[in-house]
Amino acid sequence: MSTPVPAPAASRDQAPERAPLSAAKERTGSGSVPVVGIVLSLCLLALSAVLVRDALVLLGVLGGTPWLQTAVGAVSGTVPATWMVPAGVALGLFGLWLLTRAFARRRRTEVRLRSRTAVTTTPRDLARLSSAVARDVDGVLGASTAATRRAITVTISTTGAGSVREAVEQQVADRLAPLERSPSVRVKVEEGRR
Amino acid sequence: MIKRSVLGLDRLAAFVVGLVLLALGVALVLWWGGWLAGLWPRAPQELTLQTATDAFATSWWPGASLAAGVVLGLLALWWLLAHRPHRSTGPVRLTGSDGSGGLLLDGSAAVSTAADVLEDTPGVRSARGKLVRDRGALVAEVHAVVEPTADLERVVSGAEEALTDLADVLGRPDIRGRVRLDVARDVRREARVQ
Numbered sequence: 000m001s002t003p004v005p006a007p008a009a010s011r012d013q014a015p016e017r018a019p020l021s022a023a024k025e026r027t028g029s030g031s032v033p034v035v036g037i038v039l040s041l042c043l044l045a046l047s048a049v050l051v052r053d054a055l056v057l058l059g060v061l062g063g064t065p066w067l068q069t070a071v072g073a074v075s076g077t078v079p080a081t082w083m084v085p086a087g088v089a090l091g092l093f094g095l096w097l098l099t100r101a102f103a104r105r106r107r108t109e110v111r112l113r114s115r116t117a118v119t120t121t122p123r124d125l126a127r128l129s130s131a132v133a134r135d136v137d138g139v140l141g142a143s144t145a146a147t148r149r150a151i152t153v154t155i156s157t158t159g160a161g162s163v164r165e166a167v168e169q170q171v172a173d174r175l176a177p178l179e180r181s182p183s184v185r186v187k188v189e190e191g192r193r
Numbered sequence: 000m001i002k003r004s005v006l007g008l009d010r011l012a013a014f015v016v017g018l019v020l021l022a023l024g025v026a027l028v029l030w031w032g033g034w035l036a037g038l039w040p041r042a043p044q045e046l047t048l049q050t051a052t053d054a055f056a057t058s059w060w061p062g063a064s065l066a067a068g069v070v071l072g073l074l075a076l077w078w079l080l081a082h083r084p085h086r087s088t089g090p091v092r093l094t095g096s097d098g099s100g101g102l103l104l105d106g107s108a109a110v111s112t113a114a115d116v117l118e119d120t121p122g123v124r125s126a127r128g129k130l131v132r133d134r135g136a137l138v139a140e141v142h143a144v145v146e147p148t149a150d151l152e153r154v155v156s157g158a159e160e161a162l163t164d165l166a167d168v169l170g171r172p173d174i175r176g177r178v179r180l181d182v183a184r185d186v187r188r189e190a191r192v193q
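If you read the protein sequences in the order shown, they are chains A and B.
So the first sequence is residues 0 to 193, counted in numbering that gives the first Met the number 0.
So the second sequence is residues 0 to 193, counted in numbering that gives the first Met the number 0.
One or more of the hints may lead you astray.
Derived coverage of chain B by chain A (criterion: at least 3 residues anywhere in the stretch with Cβ under 8 Å from a Cβ of chain A; other residues may be distant) [stated by the list, open to error]:
1. 114 to 128
2. 164 to 176
Which stretches of chain A does chain B cover? Using the computed rule of at least three CB atoms under 8 Å from a CB of chain B, they are [as the list claims (entries may be wrong)]:
3. 33 to 41
4. 57 to 65
5. 89 to 96
6. 109 to 120
7. 148 to 157
8. 162 to 168
Distance ranges between label pairs, derived from CB positions [unchecked claim]:
9. A/30 to B/80: 16 to 22 Å
10. B/90 to A/64: 53 to 59 Å
11. A/149 to B/184: 37 to 43 Å
12. A/173 to B/80: 46 to 52 Å
13. A/34 to B/40: 37 to 43 Å
14. B/150 to A/34: 35 to 41 Å
15. A/24 to B/69: 38 to 44 Å
16. A/81 to B/48: 54 to 60 Å
17. B/14 to A/41: 44 to 50 Å
18. A/30 to B/156: 46 to 52 Å
19. B/66 to A/81: 39 to 45 Å
20. B/66 to A/73: 24 to 30 Å
21. A/89 to B/121: 54 to 60 Å
22. A/113 to B/74: 42 to 48 Å
Please keep in mind that the hints were generated in silico from the structure rather than gathered at the bench.
The structure displayed is predicted, hence computed values, not measured ones.
Quick reminder that beta carbons are idealized off the backbone N, C-alpha and C, glycines included.
All chains should be modelled from the sequences, with the hints used to inform the complete structure.
Here you go:
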């Protein structure tokens, strides 16, 4: 009695399809929130140093006068004065700015390319690609690019040939075609450098 | 990348300090204009800070100041140091690990090898990779520098192939992938052979 041997072709058919690692979450810029956090932590560190120093002065370990008591003494006796208007406005505006930082949305800094995993680049890199594409077009003497996540503006200087602008626009759009969301491409010909 | 929990703490601190400063600024202006008494009938005509002055005179103040200073100082130091980017991971436990033994792999070495594979793709100048922890997930992160003249579709295809091989090696569907393409500033000139 012989045992059936599965055909190699059949086992190949059943093999799971190979796939790259699934896409990770998009990286986002944290903006100025960490800077605010670092500054506030340094302020807290300074306050703690003053508290420890004052305690050591009061315990007789260090010489001098306690800074907190001096500060409170200087503020005590204050009555309403004109300087409070600019100071109050400045404090209020700074407080408002901190509140806007607290609720600021994370910035999206990258653009995605069409892929089965996450492949990304940045507008700065799109600008470099676009400039390189433009420089390779016949009739272009030089090119520079400004880019955002949604729009590319290529500025070129040309030898004066007729349809350079359209050719650059087409080739940049072709090169950026693998992007998930194609940005709008605009080409400007620099005046006086044709 | 800074931990999300630390960024959350930064936001909370910015909110609290911003609110306090805003209230203080508004109160200063209202006090100067004499409108504060309308909102707060017990508004003083002169700042005395009697509670603080009384606290300074007590016997427990030096000890309390020292304790508060040390606690706040440690907290501030932790907060400050938490802003260091720290995303490294330990060895990755592979599927197949059980009670009889564990199969561990240096994840960053595997991702680095995937980056080496990507480097062989035409248009890719260099690539490096490591395994990081990002928002609760393990992410194989590869940074590649591509030529300004690179064919993006070909590079994306190379990235997918490299991350497919990596997925096979790791065998962990929970590990995610991300490839960031940086475009080189200038085209690298090929060495001329005489």
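Comparing the hints with the structure gives:
1. Chain A is given as covering the region 114 to 128 of chain B, and this is violated because 0 residues of the stretch bring a CB closer than 8 Å to a CB of that chain, at least three being needed.
2. Here's how the region 164 to 176 of chain B fares: 8 of its residues keep a CB closer than 8 Å to some CB of chain A, so the rule of at least three is met and the hint holds.
3. Against chain B, the region 33 to 41 of chain A contributes 7 residues with a C-beta closer than 8 Å to a partner C-beta. That satisfies the three-residue criterion, and the hint holds.
4. Coverage of the region 57 to 65 of chain A by chain B holds. Counting CB-CB distances below 8 Å, 3 residues qualify, and the rule asks for three or more.
5. Residues of the region 89 to 96 of chain A lying with their CB closer than 8 Å to a CB of chain B number 8, which satisfies the three-residue condition for coverage.
6. Only residues whose C-beta sits within less than 8 Å of a C-beta in chain B count toward coverage, and the region 109 to 120 of chain A has 10 of them, enough to reach three; the restraint holds.
7. Requiring three or more residues with a Cβ within less than 8 Å of a Cβ of chain B, the coverage given for the region 148 to 157 of chain A is violated, as only 0 such residues are present.
8. Using a Cβ-Cβ cut-off of 8 Å, 0 residues of the region 162 to 168 of chain A lie near chain B, which falls short of the minimum of three, so the contact claim is violated.
9. At roughly 21 Å, the beta-carbon separation of residue 30 of chain A and residue 80 of chain B lies within the given 16 to 22 Å, and the hint holds.
10. Taking 53 to 59 Å as the suggested C-beta distance range, the pair residue 90 of chain B and residue 64 of chain A conforms, at roughly 57 Å.
11. At roughly 23 Å, the beta-carbon separation of residue 149 of chain A and residue 184 of chain B lies outside the given 37 to 43 Å, and the hint is violated.
12. Separation of residue 173 of chain A from residue 80 of chain B is about 49 Å and conforms to the stated range, judged on CB atoms against 46 to 52 Å.
13. Our hint of 37 to 43 Å for residue 34 of chain A and residue 40 of chain B holds, since their Cβ atoms are close to 41 Å apart.
14. Evaluation of the 35 to 41 Å hint for residue 150 of chain B and residue 34 of chain A yields a pass: the beta carbon distance comes to about 39 Å.
15. In this structure, residue 24 of chain A and residue 69 of chain B meet the distance hint of 38 to 44 Å, their C-beta atoms being roughly 39 Å apart.
16. Distance hint check: the CB atoms of residue 81 of chain A and residue 48 of chain B are about 22 Å apart, inconsistent with the given range 54 to 60 Å.
17. A hinted range of 44 to 50 Å is violated for the C-beta pair residue 14 of chain B and residue 41 of chain A, which are about 18 Å apart.
18. Restraint check, residue 30 of chain A to residue 156 of chain B: a C-beta distance of roughly 34 Å breaks the suggested window 46 to 52 Å.
19. About 41 Å separates the C-beta atoms of residue 66 of chain B and residue 81 of chain A, a value consistent with the hinted range of 39 to 45 Å.
20. Judged by the Cβ atoms, the range 24 to 30 Å given for residue 66 of chain B and residue 73 of chain A holds: they are separated by roughly 26 Å.
21. In this structure the supplied range 54 to 60 Å holds for residue 89 of chain A paired with residue 121 of chain B, their Cβ-Cβ distance being about 58 Å.
22. Restraint check, residue 113 of chain A to residue 74 of chain B: a C-beta distance of roughly 47 Å satisfies the suggested window 42 to 48 Å.
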